[in-house]
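Each chain, letter by letter, is given below.
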Amino acid sequence: MATLITLSGPDGPLTHVQVPLGNRVQPQRSLYACPEFMLGVRDDLPKWVTGKLNAAQTPQEQMRSILHRWISGREMVWEQHFKDLMPMGTEAWEMKTADLRLFGWMYRPRVFIASSLGYADDYKGYKPKRSYNDAVQHIMTNRNALDLDLPKFTPGVYDALV
Amino acid sequence: MPLFEYELDKKSEVGSDFISRVNEELQRALVTEKQERKITQQEIAEILDVNRSVVNRRFMGLENLTVRSIAETLWAIGWEPLFKVRKISPQDGENEQSKPKENSFKLAPPPSPTSSEKPLPASGLGKSVLLEQL
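As they're listed, the protein sequences go chains A and R. For the first sequence, our numbering assigns the number 827 to the initial residue and increments by one for each residue that follows. For the second sequence, our numbering assigns the number 957 to the initial residue and increments by one for each residue that follows.
Take the hints with a grain of salt, since some may be wrong.
[Claimed, not checked] Straight line, CA to CA, 27 Å or less: simulated DSS-like cross-link-like pairs of lysine-lysine:
#1 A:K909 with A:K873
#2 A:K955 with A:K909
#3 R:K967 with R:K1040
#4 R:K990 with A:K909
#5 A:K950 with A:K873
#6 A:K922 with R:K967
#7 A:K950 with A:K978
#8 A:K922 with R:K966
#9 A:K909 with A:K922
#10 A:K953 with A:K878
#11 A:K878 with A:K909
#12 A:K922 with R:K1043
#13 A:K909 with R:K994
#14 A:K978 with A:K953
#15 A:K922 with A:K873
#16 A:K873 with R:K990
#17 A:K909 with A:K978
#18 A:K978 with A:K878
#19 A:K873 with R:K994
#20 A:K978 with A:K873
#21 R:K966 with R:K1040
#22 A:K878 with R:K967
#23 A:K922 with A:K978
No lab work stands behind these hints, which were simulated from the structure alone.
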């Protein structure tokens, strides 16, 4: 078993993801990523264009926006009305933008480990290309495979974890 | 791979960040107002004389809102925008902690956004939200 710091070290499987926060803003939360998520960021994300919702921001800008919100500690959920961070069951969580799905789990409060990256339109429609159930299974597989110090995830609700 | 700095070109960053800020302020205003009184998106749509889906897209942050539509949407819920600008000072750099390290890498610049929104008439006074890029 290894610490998050060790696993995100030079030869570790995890990547510590950061985003320029700007003047007078300090990081309040952190995000680490599994290799599959990083593959999605490097290979898939640059090719994606705005999907069915025709959002004003490109998927690449949406990624910056959601990372900035998470890391800078701003609200991810406004009561019942606007939720950009949702539980998926089995202690898996999903960060959402118009076109992106960041699947992962809470290692500790305010520490999100991103497991994989999805394109939102792939999960929509009568016959979606990908399913949320598969995404959850994938999170659990990645979580179990990671040689993290126990407990590998923190259970709880939004207010306790964020 | 110890560190990844997700960075876009500066022009995309400032534009996208301001859109996000405005969207968050609109959502905060609506949620705050909903806590005080029962107000539906349908009622807001009727006040603005637009379809409910237009109101929904505005509050969901899907639209590249015009200055006019920001003012009108806030007016419809009894709020108003406050707008300030300032010169970027030399001290307004990034945090040391968020600067890329030697072994980090960056993403290539994204394609430009294309979405736009049709402007609408009139505005009013009430509570306010600050639309200042911090």
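These are the hints, each one checked on the structure:
no.: 1; hint: A:K909 with A:K873; result: holds, 26 Å
no.: 2; hint: A:K955 with A:K909; result: holds, 23 Å
no.: 3; hint: R:K967 with R:K1040; result: holds, 19 Å
no.: 4; hint: R:K990 with A:K909; result: holds, 16 Å
no.: 5; hint: A:K950 with A:K873; result: holds, 19 Å
no.: 6; hint: A:K922 with R:K967; result: holds, 24 Å
no.: 7; hint: A:K950 with A:K978; result: violated, 30 Å
no.: 8; hint: A:K922 with R:K966; result: holds, 23 Å
no.: 9; hint: A:K909 with A:K922; result: holds, 8 Å
no.: 10; hint: A:K953 with A:K878; result: holds, 15 Å
no.: 11; hint: A:K878 with A:K909; result: holds, 19 Å
no.: 12; hint: A:K922 with R:K1043; result: violated, 33 Å
no.: 13; hint: A:K909 with R:K994; result: holds, 20 Å
no.: 14; hint: A:K978 with A:K953; result: violated, 33 Å
no.: 15; hint: A:K922 with A:K873; result: holds, 18 Å
no.: 16; hint: A:K873 with R:K990; result: violated, 39 Å
no.: 17; hint: A:K909 with A:K978; result: holds, 25 Å
no.: 18; hint: A:K978 with A:K878; result: violated, 36 Å
no.: 19; hint: A:K873 with R:K994; result: violated, 42 Å
no.: 20; hint: A:K978 with A:K873; result: violated, 33 Å
no.: 21; hint: R:K966 with R:K1040; result: holds, 20 Å
no.: 22; hint: A:K878 with R:K967; result: holds, 25 Å
no.: 23; hint: A:K922 with A:K978; result: holds, 23 Å
Checked against the numbered hints above, the structure breaks hints 7, 12, 14, 16, 18, 19 and 20 and satisfies the rest.
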